[in-house]
Amino acid sequence: SQTIHQWPATLVQPVGSPLSLECTVEGTSNPNLYWYRQAAGRGLQLLFYSVGIGQISSEVPQNLSASRPQDRQFILSSKKLLLSDSGFYLCAWSVHIWSWSSYEQYFGPGTRLTVT
Amino acid sequence: AQSVTQLDSHVSVSEGTPVLLRCNYSSSYSPSLFWYVQHPNKGLQLLLKYTSAATLVKGINGFEAEFKKSETSFHLTKPSAHMSDAAEYFCVVSTRNTGFQKLVFGTGTRLLVSP
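Just so you know, the sequences run in chain order A and B. Numbering follows my numbering, with no gaps: position 96 of the first sequence is 96. Numbering follows my numbering, with no gaps: position 93 of the second sequence is 93.
Bound conformation, chain B alone:
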């Protein structure tokens, strides 16, 4: 079965410093992986996705993630945090079923950005 583990429930950074949100996955085949962001009381927005093309994936708002098969990781990074990046981030893996997409969500990492 597919699963993801987000290694930190909370990450605190200062504005202008790098962001690293860690995610490890488990999958019996080459996975499709996603990062979503959720601002308070809002729906989820797709940041980026990996679907077996380039291992370094660039997303919106300056975020990127690198797929590392040897480490079963898909960490999310950003060179310089903005106050507006404060939100909950979810690492997600998809199952491979014909006809529908079933996503398995991590428990989330809350990113706190201080001035």
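So that you can see chain A by itself, here it is in the shape it has in the complex:
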């Protein structure tokens, strides 16, 4: 079966410090990968998605970047954190498809980031 891991689970970082959040998926190959942010009391906002190694698409301009160095590894980074980067970050995966079919996404446990 497939599993998705995120770490760390919680993180408190000062403004201006760097960030690296990691997501890994097990039990599947060539998944589509996604990073979302959930601000307090709000829905999920898609930040980045990736359909393959080294292929990253950004949904919104921001202070963050993403990388996919390996097939099942997805990393969210920042060089200098802002207060507004605080939130709950969720990684997700879905089956890689090349059709009009629709497949659900499976979410990791999330990382709670607090920027102080």
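All the given hints hold, so there is nothing to weed out.
Okay, derived cross-link-like pairs now, DMTMM-like style, lysine to aspartate or glutamate, Cα gap no bigger than 25 angstroms in a straight line:
no.: 1; chain 1: A; residue 1: Lys-79; chain 2: A; residue 2: Glu-22
no.: 2; chain 1: B; residue 1: Lys-42; chain 2: A; residue 2: Glu-22
no.: 3; chain 1: B; residue 1: Lys-42; chain 2: A; residue 2: Glu-59
no.: 4; chain 1: B; residue 1: Lys-49; chain 2: A; residue 2: Glu-104
no.: 5; chain 1: B; residue 1: Lys-68; chain 2: A; residue 2: Glu-104
no.: 6; chain 1: B; residue 1: Lys-58; chain 2: B; residue 2: Glu-88
no.: 7; chain 1: B; residue 1: Lys-102; chain 2: A; residue 2: Glu-59
no.: 8; chain 1: B; residue 1: Lys-102; chain 2: A; residue 2: Asp-85
no.: 9; chain 1: B; residue 1: Lys-42; chain 2: B; residue 2: Glu-64
These are computed hints drawn from the structure, not numbers from a lab. It should be emphasised that the depicted structure is a prediction, and the values quoted were computed from it without experimental measurement.
Place chain B on chain A using the hints.
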């Protein structure tokens, strides 16, 4: 563009009574729709999905949803609420792009269950 509207930000029920969480969608083609649940400080778990098969979809934990094209609705129901159902629920529609799935989330409905 696809979108979903969750009509209630909060719903309060008593344990053992029915649950109704409302969702309306907007889509230029036959949509794929999902309901996800999120317990506090946890990731999202898929409850059920509609992908143009049966209009009444059964999910986990006794939840079900009915796709009504004429009303553009996809409401989530459960006959009898349990305390463990207290959580945030998201109605989601997917876009139809080749190669990847892009999900559009509603703003969520917080379900409160009292003893």
